[in-house]
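Chemist: So you can see what is in the structure, the chains are spelled out below.
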Amino acid sequence: MKIKFRIRRYNPHDSKAPEPYYQAYTVDVTEGMTVLEALLKISEEQDSTLSFRKSCRSAICGSCAMTVNGFARLTCNLQVLPEHSKMGEMTIEPLANHRPVKDLVVDMTPFWNKMEKVSPFLMPTEKTAQNAVTAEDEEVIDQSQRCIMCACCNAECNSLEIDERFTAPAALAKAWRFVGDVREGHGVKRLARLSEEHGMWDCVRCIHCTQYCPKGVAPLKQIERLRSAAMKAGILDNPGAKHVEAMADSVEKFGRLDEAAMTFKTLGFLKSLGKIPLGIRMELHGKMPHPYIVPQIERIEEVREIYKEIEKTAALKEKKKE
Amino acid sequence: MEHELRYAYYPGCVSQHMTKETNETTRKVAARLGIQLYDMPKASCCGAGLLTDYDYPLYIAINARIFAEAEAMGMDILTICSTCLMVMSTANRDLKADPKLLADTNEVLAKSGLKYSGDIEVKQLLWVLAADYGLENLKKQVVKPLNWLKAAPFYGCHSLRPSDALGFDDPEKPWSLDAAIEALGAEAVQYRGKTKCCGFQVDIVAEKTAEKMTGRRLLEGKERGANCFVTPCPFCHINLDNYQGLAEKALDTKIDMPVFHFSQLVGLALGMSPQELGLGRHLVSPEKIIK
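Chains as they are written, first to last, in my numbering: chain A, 20 to 341; chain B, 1236 to 1526.
Derived from the structure by calculation, the hints contain no laboratory data.
Be aware that a few hints might be false.
[Claimed, not checked] Short, incomplete list of chain A residues facing chain B, as computed with Cβ under 7 Å:
#, residue
1, Gly259
2, Val270
3, Gly274
Quick caveat, the model's predicted, so the values are computed rather than measured.
Glycine is no exception: its CB is placed at the ideal position from the N, C-alpha and C atoms.
Just chain B, same shape as in the assembly (with noise of 0.2 Å):
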C-alpha cells in the first residue's frame, strides 16, 4: 500500500446488534491489515431503504447529515452492510447529480450548523480489500488458506444494484466476491442464485415469499456443490443463516448450509479462531467445515 488507508466506519445499525459478529470481526480483520477504522458516534440509522418509501426529502437529509459527519472527518465512509451501502450510495448519487436536491438539503442541515459538500464515497468492505488495500496483498497476509472450502458468492442486491449508484461490480458480471474467495484460497462456486434476493426487505411482511426465496438461493448453490455461502451483506446472513430454519420448512427439504459473514472468511484465513469470529452466535452451525 502507498498510503495509509483510513476510512469513517459505518457498521450499520443491524450490525450493532444482531449481526454483531460481523462488526466485531471486521475491527479485528482491519486492524491486523493495518486499517484505520474511526467511529461515527452521530451517524443515524440511513433508513434501510424504509425511510425512502416514508418520505424521499427526509430520507435524503437523513443520509446528508451522516455524509457531512464523513465529511468533516475528512474521511470516506466503510460500511459492511450491503443495504446501508445502496442506500447511502443512491441518496449520494442524488445528491451530487442535482444541485437543487443538495441545497434544500443543505438548507435543512442548517438549522443544526451542518453541511455536505457532496465530496464523499460510501465503500464497503468487500471493495476497499478488493481494490483499495488490493486482493494481492490480502493474499500475502493468508496464514491459513481455505483450500477446503467450496464457497458460493452470495453478492446480495445492494452491492450489485443499482449499478449507476454503486459503480463497483457489474451486477451482471461482478467479479470482487469471487475473487476475493479465491484470493483467501476457497473455490468460489458458480450458481443462479449468486447476484438475486435473499428476500429479507419483506421478512416480516409477505413471510413465505422471504422463507421461499431464501431457501431457493440456498439450494441453488447447493446443488452446485457449495460447502458454505459468504456473503458481504448482513442482511443476507440473517436470511440465510437465522430464517434458513424457516427457509427448510417452506420448502419441505433440509439445506444445513453455514454461511459466513465476508468479514469472517478473511478472519479465518488469517488465523482467527472460531471464538474471535464469533461463529458459535450462527444459527446453523459451521463447526463441521471449521479446520
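For reference, chain A alone in the conformation it holds in the complex (with noise of 0.2 Å):
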C-alpha cells in the first residue's frame, strides 16, 4: 500500500532553507513494516540527506523516538499500517520539548544534563550495603529499571513544555530506581533535594508520561512512589506535600475536599492575602468557596476508621521488617 510521509525537514547549515519545512514522501508500505522500517527505505531509496537517529531497531536502545502524529512514539515499535488507519495520515516531526539539531534528530543535552543532577547511581552507607534485596523490594522498584532513556515521557510532559527547568518524568522515575533501593543510604537527602522547586511537587500529573512510555516504565506512578515516600520521611515544608497533607485532612475529617482551607494551608496567611482580588471576583460570582462550611457526609466514622486501620496494618508492617 502506498502511504504519503508527511516529514520536518531543518537543516540551520542550509544557507538557501534554514527554516523548517515540511516534505512529503510516498512509501509502498508493506504488512508490518514499522515506521523506523520505512524511515530507512526513505533514506535509501529516495533521498539520503534525512537524518534521523536509529541503532538496535528492537525497542532496546531508545534511541529512534520521534513524533508521530503528534506523539511520541519509539518508530521501531510502531507498525505503519494501523498507526495510519487509526490516524488518517503520516507526520513525522521531532521529539517535542527538546530543540531540534537537524530534521529528526534533537539534541539531548537537557536530558541528560537532568538524568545527571539526580544522580543516577545506588550510594549505599557500609550499613545499607548489608541489606539483602528479598522478591517483594525488588518489585517496588522493578518498573523503573526498566527505562531505556528514550525520552518519549519528557517529550510528552505537559509540565516541561512549560518550565523547562522541570527535573521531568524520566529523571524523577530514575531517582525513584535509587530511592526505592534497600541498599540506598542517602534516600532521605535525595528526597529533600527532589522536594525543592522544579522537582517532584512540579508534575501535573497529566499522565502523558505514562501513557507514551514505550517500556511500561510508568513514570508517574515512581513520581507518586517519591511522592509518598517524601511525606512518611518528614520533608513537609514545601506546598506540594502541605497541598497533600490538606487533603488527607480534610477527607478524614468532612470526608470531603475543602478547597479554602486547603489553599490557605497550602500557601500560609500572607500568600494566600495575595488571592484576595481574585477571591472577591469569585465571591461576585458566588464561585468562591468557604472554608469550613463544607456539609460532612453520611457514615464519616468508616472513612475515619479505614484511616485507622491502614495506619495500624503500615506499622505492623514497619514492625515486621525490623
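Build the complex: two chains, separate frames, hints provided.
Modeler: And the structure:
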C-alpha cells in the first residue's frame, strides 16, 4: 500500500532553506513494516539527506523516538499500517520539548543533564550495603529499572513544555530507582532535594508520561512513590506536601475536599492574602469556596475507621521489617 | 433506549461547591432525557490524586468504600468530574486486576461491615450520552441546534489517560466530545491542545506553570477560530474560566474566551435558559455568544 509520509525537515546550516519545512515522501508500505523501517527506506531509496537516530531496531536502545502524528513514539516499535488507518495521516516530527538539531534529530543534552542531577547510581552506606534485596523489595523498583532513556516521557510532559527547569519524568522515575532501593543510604537527602522547586511536586499529573512510555516504566507511578516516601520521611515544608497533607486531613475530617482550607494551608497566611483580588471577583459570581462549611458526608466514621486501619497495617509491616 | 438508564450519581466535591452550576445543570439535563440519577449520600471524596500521593493503600480503600456503596445500590457510577473519573477508574482497575489487593482492601472495609466485589464500572456524563444514551437519540432531543458555536473540545487529561484504566476514548484520537458537540449542532474546532493539560493540579503548588499552561491551551483553540471552549471536567473549567484572567496576565495577552461545562452545552441545545444553566456564575461571560 502506498502511503504518504509528511516529514519535518530542518537544517540550520543550509543557507538556502535554514527554516523548518515539511517534505512529502510516498512509501510502498508492506504488512508489519515499522515507521523506522519506512524512514530507512526513504533514506536508502529516495533521499539520503534525511537525518534521524536509530540503532537496535528492537525497542532496546531508545534511539529512534520521534513525534508520530502528534505523539512521542518509539518508531521501531510502531507499525505504519495500523497507525495510518487510525490517524489517517503519517506526519513525522522531532521529539517535542527538545531542540531540533537537524531534521528528526534533537539535542539530548538537557535530558542527560536532568538525569545527571538526580545522581543515577546507588549510594549505599556501609550498613545499608548489607541489606538483602527480597523479591518484594525488587518489585517496588522493577518498573523504574526498565527505562531505555528514549525521552518519550519528557517529550510528552506538559509541565516540561511550560517550565524547562522541571526535573521531568525520566529523571524522577530514575530517582525512584535508587530512593526505592533498600541498599540506598542517602534516600532522605535525595528526597529533600527532589522536593525543591521544579522537582517532584511540579508534575501536573497529565499522565502523558505513563501513557507514552514504550517500556512500561509508568513514570507517574514512580513520582507518586517519591511523593509518598518524601512525606513519610517528614519532608513536609513545601507547598506540594502541604497540599497533599491538607487533602488527607480534609477527607478524614469531612469526607470531602475543603478547597478554601486547602489553599490556606498550602500557601500559608501571607501568600493567601495575594489571592484576595481574585477571591473578590469569584465571590461576586458565587464561586468563592468558603472554608469549613463543607457539609460532612453520611457515615464519616467509616472513613475514619479506614484511616485507622491503614495506619495500623502499615505500623505492623514496619515492625515486621525490623 | 431499550432499557432504563440508572446510575449512582457522584458529582465530585468541586461540583457540589465551586462549580455547582454543572451539578445543577446535569440533574436538569438527566431529568429531561429520562436518565435516572440516584444520590450517594455516604460517598466521600476520591482523593483527586492527592491521596494517591499520600498513601496508596489508603487511596484504594477510600475508593473501594465508594464502589461498595454503588454496588449495594446495584448501579454503575456516573460522575461529572474527569479527575474523579480517572482516580476512581485507576483504583477500580487495580482492584479488579489484583485479587490480593482486593482481599486486603476488603479486610479494611470489613471493620465497617462493607465489602466490594469488583462489579461496578465508573462512567462520566459525556460517555453515558455518547454510548449508553446514544448521540442519535440526543440529536432527536435538540430543540435549539447550536449552529453558531465554534466549540473547542477540551477533553481534559483525566478523561483520556491512562487509557488502560479508562478504556473509552482513544487518547490519540478521542471522538466522544467532538461527536457530542456536532450532535448538538455546533462545530467542533480542531486544535493542538485538545488532548493536553490545563495545569490544574499545580494551581497553588507551581502557579506560574499552571497559568501559562491554561493560557497556552486557550490560545491554541482561539487561533483555530474557536468562539468558545467546552470541557467535561470541572477542574479544567476552573482553570480555563475562573483563572483565565491570571493566564492573560501571565502571557500578557487578552484571551476573552467563554468556557462551557459539557452539561451546559447539552442544556443549551435542549432549550434551557442561561439562568437555568448557571452561566452567570462564570467569570468570563458567555453572554456575547448566547442566542
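Chemist: Hint by hint, where does the structure go against what was stated? Just the numbers, ascending.
Modeler: Of the numbered hints, all hold.
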